[in-house]
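Asks: These are the residues of each chain, in order.
There are 2 protein chains.
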Amino acid sequence: MITAAILVIGNEILSGRTKDTNINFIAKRLSGLGIELLEVRVIPDNEGQIIEAVNALRAAYTYVFTTGGIGATHDDITAATIAKAFQVDLIENSMALAILQEYYQERFNETRRRMALMPEGANLLDNPVSTAPAFQMENVFCLAGMPSVMHGMFEALIPQLETTEPFYQSMVTCNLAEGVIGERLGQIQTEYPTVSIGSYPFYHLPANIGVNLVVRGKDKKAISEATQEITKMVEGFGGILSPS
Amino acid sequence: MITAAILVIGNEILSGRTKDTNINFIAKRLSGLGIELLEVRVIPDNEGQIIEAVNALRAAYTYVFTTGGIGATHDDITAATIAKAFQVDLIENSMALAILQEYYQERFNETRRRMALMPEGANLLDNPVSTAPAFQMENVFCLAGMPSVMHGMFEALIPQLETTEPFYQSMVTCNLAEGVIGERLGQIQTEYPTVSIGSYPFYHLPANIGVNLVVRGKDKKAISEATQEITKMVEGFGGILSPS
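Note that the protein sequences, when read in sequence, are chains A and B. Its first residue numbered 929, the first sequence is counted upward by one per residue in our numbering. Its first residue numbered 929, the second sequence is counted upward by one per residue in our numbering.
The hints are simulated quantities; they were obtained by calculation from the structure and are not laboratory data. A portion of the hints provided could be inaccurate.
Remember, identical chains collapse to one label, so a pair may be satisfied in a single copy or spanning two.
[What the hints assert, rightly or not] Derived pair list, reagent style DSSO-like, types lysine-lysine, alpha-carbon separation capped at 30 angstroms:
{"hint": "1", "residue 1": "Lys1148", "residue 2": "Lys1012"}
{"hint": "2", "residue 1": "Lys956", "residue 2": "Lys1148"}
{"hint": "3", "residue 1": "Lys947", "residue 2": "Lys1012"}
{"hint": "4", "residue 1": "Lys1148", "residue 2": "Lys1160"}
{"hint": "5", "residue 1": "Lys1149", "residue 2": "Lys1012"}
{"hint": "6", "residue 1": "Lys1149", "residue 2": "Lys956"}
{"hint": "7", "residue 1": "Lys1160", "residue 2": "Lys1149"}
{"hint": "8", "residue 1": "Lys1146", "residue 2": "Lys956"}
{"hint": "9", "residue 1": "Lys1012", "residue 2": "Lys1160"}
Make a model of the complete structure from these sequences and hints.
Replies: In structure tokens:
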């Protein structure tokens, strides 16, 4: 099993000022690559918390993707902190430096030079969108926080990932309550242990109440069969199937 | 300092099927209550991961808010797992049972009865929206995953929280690059250590490039002064202030 975690580094998510969208983007892409996303953490721009989280996650999962903190201002501490987490020096990456100098020309300065600093042993990652340098340190990929830039970096690094059979999923939506279907749904989950069946109720009074039943996994045959059983279950309880 | 963590329990967020909105809702409310949100974790409906995360977070922060997994189906394992994390029994809460029986009347059944199970020592929380029972176990508040239901539960539990001076923030938006302002902005952060200054660039080629500079904290005077310094800095670099 190939697994992953996401580490969102950014005060702006924890303060509520910014709604994160990077988690969902990476989650969807990993699902299609067959990589199981097993944990997400969101932490502030705080050295101690970043070191602790990076070291916990890189030991537990195949890949770790961090977002945020790779820009040119005082609150961009990802590179320096990842170096500390790996107990290596922070050094200037010559390729990153060349890219920044070439792009900024006479506007190149010491503040921008700071973006070329990376942990010793890190590899520069492609950034098809802007010039901010992203990097890979062993199984940790450090990406931008700005969604449009992060998307480009993520697409560009995919060839470096070990991938496998994608996850597939089906969904049945019906107008029944969890309390009605719960027991039989649990039996279907037991009958199809290779898939994961999730029950997600919606509750918009007065009339739009029901549940989305999601079957997910890599075993297409089991997904298909479990979905048929769920459909039969809904009909058996007199429920109405509907598009969600 | 009053601190908090959020634990989002749900496969549907990690698979990418659902975009979480609960984190941002709780983050904003905590900020207004003066409670510092210092960590968020998203984990699957997995007993081992829930126990590990709940025990780590409840030891580290004043409050922990969990979302998800309190419904009536097989994948709702929050109550049973929180009981294991606290090493107490899972018992039927008589008030929750009475509410469920009263609401469902002749539709009450064993599946719905399961929702009345809580860790021994837990307190039932108000649910002004639906009947799903939320509960509090020491400093851990276990809420619904469905946003409309969670919102109601969260508003209802606020009187139980210790609160303090709210966080305030100001924002200056300008058309300058981080590489231009970075050095001076870092100086301003050093001059105003009681506030946190964040730099959030936006990058929409060809013309809409700039940065949002956010000053946040509880020291209103320092926020005001640091914001004025930032405004002066933007003017000094020939930048244009703009609404974001």
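Asks: Of all the hints numbered above, which does this structure not satisfy? Sort the numbers upward.
Replies: 1, 5, 9
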